[in-house]
Amino acid sequence: MSSLRNVAIVGFAQLPVVARDLHRTSPEMLYPVVRQALADCGVERDAIDFQIAGSVDYMDGRPFGFVAALDVMGSWPPRLDLHLEMDASFCAYYAWLRMQAGDCDTAIVVGHGKTSEGDPRRVLNLQLDPYYQAPMGLDPVSTAALQASAYMARSGVSDRDLASVAAANRTAGARNPENQLHTAATPDELLKTPWAVEPLRSGYLPPVGETATCMVLAAEGKAESMCDRPVWIQGVDHRTELQTIGARDLTQSASARLAAEQALAMAGLQTASEVDVVELFALTPAEELILCDALGLDAQAARPVRNPSGGPLCGYPIMSTGAIRMAEIFRQLSGRAGARAVPGARRAIAHATQGHCLQHNIIWVLGTDRRWA
Amino acid sequence: MANEPPRDPVKYVETHVYLPYHYVAGDSRAGYLRALKDKKILGSKCSKTGKVFVPPVVNSPESFAPADELVEVADRGIVTTFCVVRIPVTGRDLQLPYVAASVALDGASVSIFAPIQECAPDAVRMGMRVEAVWKADGEREGSHEDILYFRPTGEPDAPQDSYIHRL
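Protein sequence lines correspond, in order, to chains A and B.
For what it's worth, our numbering labels the leading residue of the first sequence as 1, then goes sequentially.
For what it's worth, our numbering labels the leading residue of the second sequence as 1001, then goes sequentially.
Since the hints were derived computationally from the structure, they do not count as laboratory data.
There's no promise every hint is true.
[As the list claims (entries may be wrong)] Computed from the model, here is a short list of chain B residues facing chain A with C-beta under 10 Å:
1) Val1017
2) Tyr1018
3) Leu1019
4) Tyr1023
5) Val1024
6) Arg1029
7) Leu1042
8) Val1058
9) Pro1061
10) Phe1064
11) Ala1114
12) Gln1117
[Said to hold, decoys possible] Each pair of labels, with its calculated beta carbon distance range:
13) A:Leu22 with B:Gly1091: 22 to 30 Å
14) B:Cys1119 with A:His23: 38 to 46 Å
15) A:Arg62 with B:His1165: 28 to 36 Å
16) A:Asp228 with B:Arg1034: 18 to 26 Å
17) B:His1022 with A:Ser273: 27 to 35 Å
18) B:Glu1145 with A:Ser202: 37 to 45 Å
19) A:Ser202 with B:His1165: 50 to 58 Å
20) B:Ala1074 with A:Pro78: 54 to 62 Å
21) A:Asp228 with B:Val1013: 52 to 60 Å
22) A:Ser202 with B:Glu1141: 34 to 42 Å
[As the list claims (entries may be wrong)] Pulled from the structure, derived: some chain B residues nowhere near chain A, Cβ distances all over 10 Å:
23) Tyr1021
24) Lys1051
25) Cys1119
26) Met1126
27) Trp1134
Please read all numbers here as calculations on a predicted model, not as lab measurements.
Beta carbons: idealized from backbone N, C-alpha and C, even for Gly.
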């Protein structure tokens, strides 16, 4: 692997995830978060070279709705800017690429969107093809249930196994004040929750919520003065697979597997089990187990610690859920995780996904040390 | 039949997208809308530059500083730029031609969009003084449509340098 530029996460701010913020519009939620992230880094807005936002206009119901965020991101004098219709984790990847290209040293990466103002299940149904899948009424919960069903049949994983995975997330999540759900739950409690779309129970699915997030990235040379303990990007890879769900083997995630192989190789690691913490963007316990398989992780093992944040099952703000996985790793590796700190954590994986049934996957390998000399 | 939309179900699929939304006005904007009911126009003042933005914003888009102090501005001001609309406008029932103008309200640092009426289109000019014509008492409900339009006041025109930075 040729030498790349060392880039670090140096700051992150977010609002606690809530079902609905009745007092603020999406840009109004975002503004204090951008201010906070910059203040934490001890810099003014002019110190940031590049800005990028993740949001989805269909969620807003406004064509080009993303431009509303420009006025609260400090876009004057004219800035280098980009918007992705993707989770902010994918935006961070683009900012990282721009830094590798050498045309910026610092970036803010924001995620925002008020899911409560529209109907996410209807919106996400429209991701599917308009001739066959979308009119059939498929939505992300139904496609996730198809995937869970296939996975359970192939792996022998039981309803109780899914409940255990969900309960582990909920128990960890009770220690995270930023989460939408703060209450721990046992497998037995979750097994009593009603079917949402069988084989998925309501207790296995996250509440959709809203927040605003801002991550600050900086290249070596700038990062050190912006953060006492920068968290360095040691490897990253993003892969996608077919849009036609029926043409994919839903019991495994080929794109997550390949992205993990590539990102680990970039980081100079052999296996994912060499890291201390893993944050997975899994919207169901079945997805979490499929991702464990893809990363070659034993789902029963104590290390790496999985989803110490509580994971997406404790709250699913669309467009920020992946960024929050990176944020959790930033907190864990920079001494900011408080009561849920994983002892001795020095290296970790943050994952994000988009699309139905784990269609796109990005894997970040993050660490306390610089990767390249 | 030549003008009928294609009906052949093999060649075309009709798709209807139904997506309801319920927007939160936000506390800041709600305060502004509520004030319109009392014929008051509120702006917010940049804590760094003192510029007044109408409608109120949480921060100055220009300086990035908070702009959370609400101030009242006048319901009259200056036409800073305008155009004459001669083609139908989607979603508004306005008699053509009509004048769409930017009006810098007295006390505001930026202009707002406003239709100009009670005046022939070719009599509108930059620098012209105008005032808001409000819906009658009891009919205002806290919406932008509480201001029906702006009309000339008959005062002398404002000099260009008084509004050139508020276009």
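Consistency of the hints with the structure:
Interface restraint check: Val1017 of chain B against chain A, minimum CB-CB distance 7 Å, threshold 10 Å, status holds. Using the Cβ-Cβ criterion of 10 Å, the hint placing Tyr1018 of chain B at the interface with chain A is satisfied: the shortest such distance is roughly 7 Å. Taking 10 Å as the C-beta contact cut-off toward chain A, the hint placing Leu1019 of chain B at the interface holds, the least distance being around 6 Å. A least Cβ separation of about 6 Å between Tyr1023 of chain B and chain A falls short of the 10 Å threshold, and the interface hint therefore holds.
The interface hint given for Val1024 of chain B holds, since its Cβ lies 6 Å from the closest Cβ of chain A, which is under the 10 Å cut-off. The criterion of a C-beta within 10 Å of any C-beta in chain A is met by Arg1029 of chain B, whose closest approach is roughly 7 Å, and the hint holds. Taking 10 Å as the C-beta contact cut-off toward chain A, the hint placing Leu1042 of chain B at the interface is violated, the least distance being around 16 Å. Hint status for Val1058 of chain B relative to chain A: holds, with the closest Cβ pair at about 5 Å, below 10 Å.
Nearest Cβ of chain A to the Cβ of Pro1061 of chain B: about 4 Å, under the 10 Å cut. The hint holds. With a least beta-carbon distance of about 4 Å to chain A, the hint placing Phe1064 of chain B at the interface is held under the 10 Å criterion. The beta carbon of Ala1114 of chain B comes no nearer than 21 Å to any beta carbon in chain A, farther than 10 Å, and the hint placing it at the interface is violated. For Gln1117 of chain B, the suggested interface contact is broken, since its CB lies about 29 Å from the closest CB of chain A, more than 10 Å.
Distance hint check for Leu22 of chain A and Gly1091 of chain B: the Cβ-Cβ separation is about 27 Å, which falls inside the suggested range of 22 to 30 Å. Restraint check, Cys1119 of chain B to His23 of chain A: a C-beta distance of roughly 41 Å satisfies the suggested window 38 to 46 Å. Checking the proposed 28 to 36 Å range against Arg62 of chain A and His1165 of chain B shows it holds: the Cβ atoms sit about 30 Å from each other. Taking the beta carbon of each, Asp228 of chain A and Arg1034 of chain B are about 45 Å apart, not inside 18 to 26 Å as hinted.
Between His1022 of chain B and Ser273 of chain A the beta carbon distance is about 46 Å. The supplied range of 27 to 35 Å is therefore violated. The given range of 37 to 45 Å is respected by Glu1145 of chain B and Ser202 of chain A, whose C-beta atoms sit roughly 43 Å from each other. At about 57 Å, the beta-carbon gap between Ser202 of chain A and His1165 of chain B stays in the expected band of 50 to 58 Å. Between Ala1074 of chain B and Pro78 of chain A the Cβ separation comes to about 32 Å, which falls outside the hinted range of 54 to 62 Å.
The hint said 52 to 60 Å for the Cβ distance between Asp228 of chain A and Val1013 of chain B, and at roughly 57 Å that hint holds. In this structure, Ser202 of chain A and Glu1141 of chain B meet the distance hint of 34 to 42 Å, their C-beta atoms being roughly 40 Å apart. Annotated as non-interface, Tyr1021 of chain B brings its C-beta within 10 Å of a C-beta of chain A; the closest such distance is 4 Å. Taking the minimum C-beta to C-beta distance to chain A, about 12 Å, the non-interface status of Lys1051 of chain B holds against the 10 Å cut.
The non-interface label for Cys1119 of chain B is consistent with chain A: the shortest C-beta to C-beta separation is roughly 33 Å, beyond 10 Å. Every C-beta of chain A lies more than 10 Å from that of Met1126 of chain B, the closest at about 25 Å, which supports listing it as non-interface. Here Trp1134 of chain B stays apart from chain A, with its beta-carbon at least about 26 Å from theirs, past the 10 Å limit.
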